[in-house]
Amino acid sequence: MRLALVTTPARVGIREASNTAFVSRVKRATYVRQYPTVLVQTDGSTINIRYHEPRALIKMPLRFEELTPEQQQVVLVKRKPPE
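Quick note on numbering: the working numbering labels position 78 of the sequence shown as 65, and the sequence is numbered without any gaps.
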């Protein structure tokens, strides 16, 4: 007596979770990948943003004209190269 072998197709490359399946491709000329980044504003506040390059932190530049003379001196001292 022969045993009937049930042949099932190999399940290679099939994703089990339905949330990772897709029906068609993304129809874009360029695939945009954005990375979570922290943006530090001039007043010290921070915002979480999405940025096109993988960077951890982005600091906005100071408006030198709006600083007090004491703050301008501090900024100039910090900008000097070490001796």
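It is worth saying that the hints were derived from the structure and are not from the lab.
Quantities reported herein were computed from a predicted structural model and do not represent experimental measurements.
Check before you lean on any hint, since a few could be wrong.
As the list claims (entries may be wrong) - Below 25 Å or equal to it, Euclidean Cα-Cα: the simulated SDA-like pairs (lysine to any residue) are:
1) K67 x Q28
2) K65 x L49
3) K65 x T55
4) K46 x D30
5) K46 x V64
6) K67 x R37
7) K65 x F51
8) K67 x E40
9) K65 x R37
10) K67 x E52
11) K46 x I36
12) K46 x V25
13) K67 x E53
14) K67 x L44
15) K67 x P23
16) K65 x H39
17) K46 x S32
18) K67 x T29
19) K46 x V27
20) K46 x T33
21) K65 x R50
22) K46 x Q59
23) K67 x P41
24) K65 x E53
Said to hold, decoys possible - Across the chosen pairs, the derived CB separations fall in these ranges:
25) N35 x K67: 18 to 26 Å
26) Q58 x L26: 17 to 25 Å
27) L26 x E53: 30 to 38 Å
28) P56 x R20: 16 to 24 Å
29) R37 x V62: 17 to 25 Å
30) F51 x R20: 30 to 38 Å
31) S32 x V62: 17 to 25 Å
32) R20 x E52: 18 to 26 Å
33) E57 x Q21: 19 to 27 Å
34) R66 x R20: 33 to 41 Å
35) P56 x N35: 31 to 39 Å
36) Q21 x P56: 39 to 47 Å
Quick reminder that beta carbons are idealized off the backbone N, C-alpha and C, glycines included.
Here is what the structure says about each hint:
A hinted pair counts as satisfied when its Cα atoms are at most 25 Å apart, and K67 with Q28 qualifies at roughly 22 Å. Restraint check for K65 and L49: satisfied, since their Cα atoms lie roughly 13 Å apart, inside the 25 Å limit. With a C-alpha separation of about 15 Å, the suggested pair K65 and T55 falls inside the 25 Å cut-off, and the hint holds. With a C-alpha separation of about 10 Å, the suggested pair K46 and D30 falls inside the 25 Å cut-off, and the hint holds.
Restraint check for K46 and V64: the C-alpha separation of about 19 Å stays at or below 25 Å, so the hint holds. Distance restraint check for K67 and R37: the Cα-Cα separation of roughly 33 Å exceeds the 25 Å cut-off, and the hinted pair is therefore not satisfied. Note on K65 and F51: the hinted pairing holds, with a Cα-Cα distance of about 13 Å set against a maximum of 25 Å. Our distance criterion of 25 Å between C-alpha atoms is broken by K67 and E40, whose separation comes to about 29 Å.
With a C-alpha separation of about 30 Å, the suggested pair K65 and R37 falls outside the 25 Å cut-off, and the hint is violated. Proposed proximity of K67 and E52 is supported: the alpha carbons are some 18 Å apart, at most 25 Å. As the CA atoms of K46 and I36 are separated by approximately 12 Å, the hinted pair is consistent with the 25 Å bound. Of the supplied pair hints, the one linking K46 and V25 holds, its CA atoms being roughly 9 Å apart against a limit of 25 Å.
Annotation: proposed proximity of K67 to E53 holds, straight-line Cα distance about 20 Å (limit 25 Å). Distance check on the hinted pair: K67 and L44 sit about 23 Å apart at the alpha-carbon level, within 25 Å; holds. Only pairs whose Cα atoms come within 25 Å are accepted, and K67 paired with P23 is rejected, the gap being roughly 32 Å. The hinted pair formed by K65 and H39 fails the criterion: a straight-line CA distance of about 30 Å is larger than 25 Å.
Annotation: proposed proximity of K46 to S32 holds, straight-line Cα distance about 10 Å (limit 25 Å). Proximity of K67 to T29 is assessed by CA-CA distance (about 20 Å); at most 25 Å being required, the pair is judged to hold. For the hint pairing K46 with V27, the CA-to-CA distance comes to about 5 Å; that is within 25 Å, so the pair holds. At most 25 Å may separate the alpha-carbon atoms for a hinted pair to count; K46 and T33 meet this at roughly 9 Å.
Restraint check for K65 and R50: the C-alpha separation of about 15 Å stays at or below 25 Å, so the hint holds. Straight-line distance between C-alpha atoms of K46 and Q59 comes to about 18 Å, which keeps the hinted pair within the 25 Å bound. Under the criterion of a C-alpha separation no larger than 25 Å, the hint pairing K67 with P41 is inconsistent with the structure, at around 29 Å. For the hint linking K65 to E53, the alpha-carbon distance of about 17 Å falls within 25 Å, and the restraint holds.
The given range of 18 to 26 Å is broken by N35 and K67, whose C-beta atoms sit roughly 33 Å from each other. Between Q58 and L26 the C-beta distance comes to about 21 Å, which sits within the given range of 17 to 25 Å. Taking 30 to 38 Å as the suggested C-beta distance range, the pair L26 and E53 does not conform, at roughly 19 Å. Checked against the given bound of 16 to 24 Å, the beta carbons of P56 and R20, roughly 45 Å apart, lie outside it.
About 30 Å separates the C-beta atoms of R37 and V62, a value inconsistent with the hinted range of 17 to 25 Å. For F51 and R20, the Cβ-Cβ distance of about 35 Å falls inside the hinted range of 30 to 38 Å, so the restraint holds. The given range of 17 to 25 Å is respected by S32 and V62, whose C-beta atoms sit roughly 19 Å from each other. The supplied range of 18 to 26 Å is broken by R20 and E52, whose beta-carbon atoms lie about 37 Å from each other.
Between E57 and Q21 the beta carbons are some 39 Å apart, a value that contradicts the proposed interval 19 to 27 Å. Between R66 and R20, the C-beta spacing of about 34 Å keeps the proposed range 33 to 41 Å intact. With their beta carbons about 34 Å apart, P56 and N35 fall inside the hinted range of 31 to 39 Å. With their beta carbons about 40 Å apart, Q21 and P56 fall inside the hinted range of 39 to 47 Å.
The structure fails hints 6, 8, 9, 15, 16, 23, 25, 27, 28, 29, 32, 33 (numbered hints given earlier, in ascending order).
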